[in-house]
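Here the protein sequences come in this chain order: A and B. For the first sequence, the tail end lands on 679 under this note's numbering, and the numbers increase by one without skipping. For the second sequence, the tail end lands on 532 under this note's numbering, and the numbers increase by one without skipping.
Keep in mind the hints are simulated off the structure, nothing from the lab. Zero decoy hints are in this set.
Per label pair, the in silico range of CB-to-CB distance:
{"id": "1", "chain 1": "A", "residue 1": "Asp243", "chain 2": "B", "residue 2": "Phe320", "range": "45 to 51 Å"}
{"id": "2", "chain 1": "A", "residue 1": "Arg532", "chain 2": "B", "residue 2": "Arg245", "range": "43 to 49 Å"}
{"id": "3", "chain 1": "B", "residue 1": "Thr356", "chain 2": "A", "residue 2": "Ala560", "range": "48 to 54 Å"}
{"id": "4", "chain 1": "A", "residue 1": "Ala540", "chain 2": "B", "residue 2": "Leu331", "range": "36 to 42 Å"}
{"id": "5", "chain 1": "A", "residue 1": "Pro232", "chain 2": "B", "residue 2": "Arg328", "range": "20 to 26 Å"}
{"id": "6", "chain 1": "B", "residue 1": "Leu374", "chain 2": "A", "residue 2": "Ala614", "range": "58 to 64 Å"}
{"id": "7", "chain 1": "A", "residue 1": "Ser146", "chain 2": "B", "residue 2": "Arg328", "range": "56 to 62 Å"}
For each residue, glycine too, the CB sits at the ideal point set by N, CA and C.
Letter by letter, the chains look like this.
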Amino acid sequence: MSSALAAAAPSDSEIALRVSGLGKRFGATVALDGADLALRHGTVHALVGGNGCGKSTVIKVLAGVHRADVGRIEVAGRTWDASDYDPRTARAAGLRFVHQDLGLFPQLSIAENVALDAGYPTATGSRVRWGALHRRVAGLLEAYEVEADPRTPVGALRPAQRTLVAICRALQDQEADQRLVLVLDEPTATLPQHESDVLLEAVRRRADKGQTVLIVSHRMPEVLGVCEDFTVFRDGRTVAALVGRRPTEQDLVRHMTGVDPAVSSDRALAPGAIRSGSPAPRAKQLRRGSSPAADPGVVLSVRGLTGGPLRGVDLDVHRGEIVGVAGLVGSGRSSLLRTVFGELPPVSGSVDVRSADGPARPTQDIGSRMDAGVALVPEDRAGEAAFADLAVRDNLTVTVRRRYWRPWGMDTRAEEADAGALVDRYGVRTASTAIPLAALSGGNQQKVVLARWLQRTPSLLLLDEPTQGVDVMSRADIYASVREAAAAGCAVLVASSDLLELCSLCDRVVVLRDGRITADVAGDDLTPDGLTALTQLTADTPPRSAAHQGAIR
Amino acid sequence: MSTTDTVPVRTDGEPGPEPRPAARDRSPATSRRLRGLAERHALLLLLVAVAAFFSFYPPSAERFATSANLNVLLGNQATVALLALAVILPLVCGYFDFSLGAVAVASTVLTAGLMSFRDLPLGVAMAAGIGLGVAVGFVNGLLVTRLGLNSFVTTLGMATLLGGLIQWYTGGQTIQAGLDPRLARFGSATLLGIPQVVYVVVVVAVLLWYLLTQTPFGRGLYAIGSNPRSAALVGIRVQRSAWTTFVLAGAIAGVVGVLALARSGSATADTGTPMLFPALAAAFLGATAVRPGFFNVVGTIIGVLFVSVAVSGLTLSGASAWASPVFNGASLLVAVGLSHYLGRSRGVRT
Chain A
127 MSSALAAAAP SDSEIALRVS GLGKRFGATV ALDGADLALR HGTVHALVGG NGCGKSTVIK
187 VLAGVHRADV GRIEVAGRTW DASDYDPRTA RAAGLRFVHQ DLGLFPQLSI AENVALDAGY
247 PTATGSRVRW GALHRRVAGL LEAYEVEADP RTPVGALRPA QRTLVAICRA LQDQEADQRL
307 VLVLDEPTAT LPQHESDVLL EAVRRRADKG QTVLIVSHRM PEVLGVCEDF TVFRDGRTVA
367 ALVGRRPTEQ DLVRHMTGVD PAVSSDRALA PGAIRSGSPA PRAKQLRRGS SPAADPGVVL
427 SVRGLTGGPL RGVDLDVHRG EIVGVAGLVG SGRSSLLRTV FGELPPVSGS VDVRSADGPA
487 RPTQDIGSRM DAGVALVPED RAGEAAFADL AVRDNLTVTV RRRYWRPWGM DTRAEEADAG
547 ALVDRYGVRT ASTAIPLAAL SGGNQQKVVL ARWLQRTPSL LLLDEPTQGV DVMSRADIYA
607 SVREAAAAGC AVLVASSDLL ELCSLCDRVV VLRDGRITAD VAGDDLTPDG LTALTQLTAD
667 TPPRSAAHQG AIR
Chain B
183 MSTTDTVPVR TDGEPGPEPR PAARDRSPAT SRRLRGLAER HALLLLLVAV AAFFSFYPPS
243 AERFATSANL NVLLGNQATV ALLALAVILP LVCGYFDFSL GAVAVASTVL TAGLMSFRDL
303 PLGVAMAAGI GLGVAVGFVN GLLVTRLGLN SFVTTLGMAT LLGGLIQWYT GGQTIQAGLD
363 PRLARFGSAT LLGIPQVVYV VVVVAVLLWY LLTQTPFGRG LYAIGSNPRS AALVGIRVQR
423 SAWTTFVLAG AIAGVVGVLA LARSGSATAD TGTPMLFPAL AAAFLGATAV RPGFFNVVGT
483 IIGVLFVSVA VSGLTLSGAS AWASPVFNGA SLLVAVGLSH YLGRSRGVRT
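Chain A on its own, in the form it takes in the complex:
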């Protein structure tokens, strides 16, 4: 990988943005460890890497959201110390950001969205000069190839056009002599294929006219199609800077995972073929002896499921098995879980849940799925799981309210006792069960949400990003609880963007890509680097080993 670094030697005059030796720690976690990045004028530059490699941190440092501990940032010849760099500096230096959440107001017109950023042109008496505004925005739209009237509400535009509006809003004060650097953070993550093609072509044409663009993306074929230079991050470090030459997808993935492609050669695409050099010992391996084969009972059986981003998912989950779902943003991880839970109606295909009492009712709503023993811990804890102002006790017993009802009222004593027992059992740190849930830390809130479901002894537990925003100690507790449930026979389906989590927690992991399951990895093949490769690559996957049946397309 150092050879790749040596190849990066563009002369200083053509550098629009140079970041060198950037370091950033969050507590004990090293997010950036001497990261370098150099953008040439008028090029589209890709910043790629697996999850947690430090891409997002670099972008946040460049935007001034995070302050780096050490390093230098150089824009168009001016140099700042990274520890002395804030959002105003970023703006003054000419960096403009368009984030995945575009920050547009869908009900307002394009012209108003643009004007809210730069200010409305006014005449005497603060009257808005609508005519002037519309003419200016019409010019911008033409330059950025958005075929729309400035009066059109942004919400009525196609997704790619919306991103372009956000781009032209960000770059609207660009003048001929001043060169701005446009940073696009995951611009296509939530766009369908044809929309991202439209968007990237437009970006490409802007670059051909001299615009410098930095794209952060997970989608390899897209960046390969549009970018000229590539910087690859791994573990907070720059492992490759490929200037002016087109790597192959395998080249990039090799840099991202740090694995010599010679080992896997033409089997590079086979699931798990890319192995980590030093697999860390994992707790999972301790319980492998007692895993799924012991009981072949299929708890969840999904066939040809389509709906939302899902395009025909086949999946079986067995009793006592922990199955992970890996995939990029927009691959349909959450949709799969929510469809299984009965929240989202499938367009076609079937979801069969077998509880201990036999097949569940065919009705597909949350109530009957819960009766069948399905439990869901959603991704957005604050928005979809917590009752922040209700007591911890109420948060725990909400899934089993009917248990405590007697004709003379609720049996609050039993409720209190059960809540206290759950708090002790799942290690929730709280002064009492009567205080509001909001008073607890994120990790403890998550334990409450998990305990809420585990007390029902579910036959199928669906976990969506179970440890997002959870501290390390609570994380260990949560893993222990999930493993305990699985050991007792609960089937577990975990969707996570944390590949290390999937590898350490799961018996096997299925990879969702473009709404289909494209790989099914188990055993020693299950490594974060292998999963990174499988979630990133797009080429067709050859048939995998026959360890598990029925889950591969």
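Fit chain B to the known structure of chain A by using the hints.
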């Protein structure tokens, strides 16, 4: 299945920075409990203090603490108390219902009108009045929960609509003639020295208290009020439950209308606002007491008593007619401000 008998003792003592929750720290918990106690009973103490003040304050002392005054006070406040109970039902789920005052008046006018214009028997007329409340609640619930319209605007529109219909139905006249005298007799009679209408309020209050605090359904309503998305994802039928609260509130408002007719012996066309606002004030005052931060039945009753005792005392002390609305408004502002300050304001969705 209860979890108590299946809890193994955790022995895998991972070293943690904090003690296990079993070893709970006593002193902060005690002080919190004391503060909570004070917070829960502040409104009740205030009510006692105000009552004591007017019992000894010379200008009002003579007439305030008499059974006659108490009877008038309770009897006149029965309708407001009942309307306040209706108001808290949708509020628990996070929805306003501004139409309940108009529903009560519409029920009064319809009940009176059916007896006066159509010579229908009392039972049928009362059923029609209450049924009207149910129907309006049903429509409100449909619009707000199924179609997702803003409850604030929807029920305000419904209130305005009903106000117009009331004007049309009565022609702006007071309906007095042809009413069944039994109704007025019920409205003025006392039982064990207390106006009979008060017993209606007590019965409804007990039923509502049971529903809200002693049933899984009621627990679900508070969960919806806390976070409707979370509630849906733990299997609570959010739309159906919230809809039910609108229908129940409408039914209670219909009863309020019949009681108001029994108390006053006549039906006057008005918009219902003069009755709704004190009821709302009581509901919000009540949310600062007993279970602070949450709309609750006992707190609401205390809220009604607090406002009416204070207003009665002020009136007997010779304060002018404007004192009552000023006190109502001021106490509402203080109540809302207090619950916000206490950090428990739950941001009712409008």
